[in-house]
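Engineer: Make a model of the complete structure from these sequences and hints.
Residue numbers (the numbering used here), protein chains in the order written: chain P, 1 to 157; chain L, 1 to 139.
In short, the hints are calculated from the structure, not lab data. Where is the CB? At the ideal position from N, CA and C, for every residue including glycine. Some hints here could point you the wrong way.
With a cut-off of at most 27 Å between alpha-carbon atoms, the simulated DSS-like pairs for lysine-lysine come out as follows [stated by the list, open to error]: (1) L/Lys79 to L/Lys102; (2) L/Lys79 to P/Lys49; (3) L/Lys76 to L/Lys48; (4) L/Lys61 to L/Lys48; (5) P/Lys66 to P/Lys49; (6) L/Lys61 to L/Lys90; (7) P/Lys66 to L/Lys61; (8) L/Lys90 to P/Lys66; (9) L/Lys76 to L/Lys122; (10) L/Lys104 to L/Lys61; (11) P/Lys113 to P/Lys49; (12) L/Lys61 to P/Lys49; (13) L/Lys90 to L/Lys131; (14) P/Lys61 to L/Lys61; (15) P/Lys66 to L/Lys131; (16) P/Lys49 to L/Lys75; (17) P/Lys61 to P/Lys113; (18) L/Lys75 to L/Lys8; (19) P/Lys145 to L/Lys79; (20) L/Lys48 to L/Lys102; (21) L/Lys76 to P/Lys49; (22) P/Lys145 to P/Lys49; (23) L/Lys104 to L/Lys122; (24) L/Lys48 to L/Lys8.
Okay, the calculated bits of chain P under chain L, using three or more residues with CB under 8 Å as the criterion [stated by the list, open to error]: (25) 73–87; (26) 91–99.
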Amino acid sequence: MDRRGEKVVSVYWFAILFIVAGAVVYMVGVYYGEPYDVREIEGDVMINKIFYCLDELSNFKDINLKEDCNLNFEVEDSFGWNHDQFYVEITFENYRGSYILPHPIFFGNSDLKNLYFLGLDRDLLPVLRVREFYLENGNLPLNVKTEVYVRKLEKNA
Amino acid sequence: MFIKRRDKRGANILMENIIFIVLNLVFLAIILLFVFSRMGASAVLEEKYSKQIALIIDAAKPETIIDLNMEDAVKKANKEGQLPGRIVSKDRNVILVKINPKGKGHSYSYFNDVDVSINYVKGGVYRISIKEWIEGEKK
Numbered sequence: 001m002d003r004r005g006e007k008v009v010s011v012y013w014f015a016i017l018f019i020v021a022g023a024v025v026y027m028v029g030v031y032y033g034e035p036y037d038v039r040e041i042e043g044d045v046m047i048n049k050i051f052y053c054l055d056e057l058s059n060f061k062d063i064n065l066k067e068d069c070n071l072n073f074e075v076e077d078s079f080g081w082n083h084d085q086f087y088v089e090i091t092f093e094n095y096r097g098s099y100i101l102p103h104p105i106f107f108g109n110s111d112l113k114n115l116y117f118l119g120l121d122r123d124l125l126p127v128l129r130v131r132e133f134y135l136e137n138g139n140l141p142l143n144v145k146t147e148v149y150v151r152k153l154e155k156n157a
Numbered sequence: 001m002f003i004k005r006r007d008k009r010g011a012n013i014l015m016e017n018i019i020f021i022v023l024n025l026v027f028l029a030i031i032l033l034f035v036f037s038r039m040g041a042s043a044v045l046e047e048k049y050s051k052q053i054a055l056i057i058d059a060a061k062p063e064t065i066i067d068l069n070m071e072d073a074v075k076k077a078n079k080e081g082q083l084p085g086r087i088v089s090k091d092r093n094v095i096l097v098k099i100n101p102k103g104k105g106h107s108y109s110y111f112n113d114v115d116v117s118i119n120y121v122k123g124g125v126y127r128i129s130i131k132e133w134i135e136g137e138k139k
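Structural biologist: Pasting the structure below:
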């Protein structure tokens, strides 16, 4: 009986096995080699915290987010980070009618906003989370827009 | 004589097929072992828990106590020679999870400015206590 065919098939079979093994190793390496990106969750949690904080404050003049909302933007000493990985911008708009609005609130590294809108390299951009909510400050109904920029690139992307 | 020869050929074909199937199963098992070993690797667990703890603290309100089950990390740390009470540590607002005592571990910061204490309870459970800073006690 001619068994050359079987030998050829077995060579191909081993080649397929090696290709499958290589593909699995590559995919697992890529999947587990990349860090989990938690910046969006981080940004959303920060927006929630800011909302509850503003809701409790009666006066929006001279707000210090660090003191009044217990925000601490210090980060770990790695990758040359210098406590500059977050930026928060809160702006107020009239909800109904027209009246004098509180001043916008800025906190953190404003370069992150410029970097985001320059958009030079999508992989190097900070994450932006935006949410608007309604709030009453005294008797004034306000539309509050909160933007949070989170960089922390080296540990998330 | 004829019957004997036919039996031998059949046995050979059966044996070849069994060996072929067994080798394929061995190959599949090795692949699965590799995938599972990567899933439970120290570096993956360190990153997962440091970020998870930081996000828990960020989202928590003061006067909250959270028990976090880290059984898989504690088991891995036992194999690596790390004491369970030393897996998670905190420096200022940075959480460090270190499963391998010789490694650097993985650190992640939280932005919620609260007084946090993290202690190992037992059975792979860590207790995270979140309180408001008492004036003058902030480190």
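Engineer: Of all the hints given earlier, name the ones this structure violates by number, lowest first.
Structural biologist: 2, 10, 16, 18, 19, 21, 24 and 26
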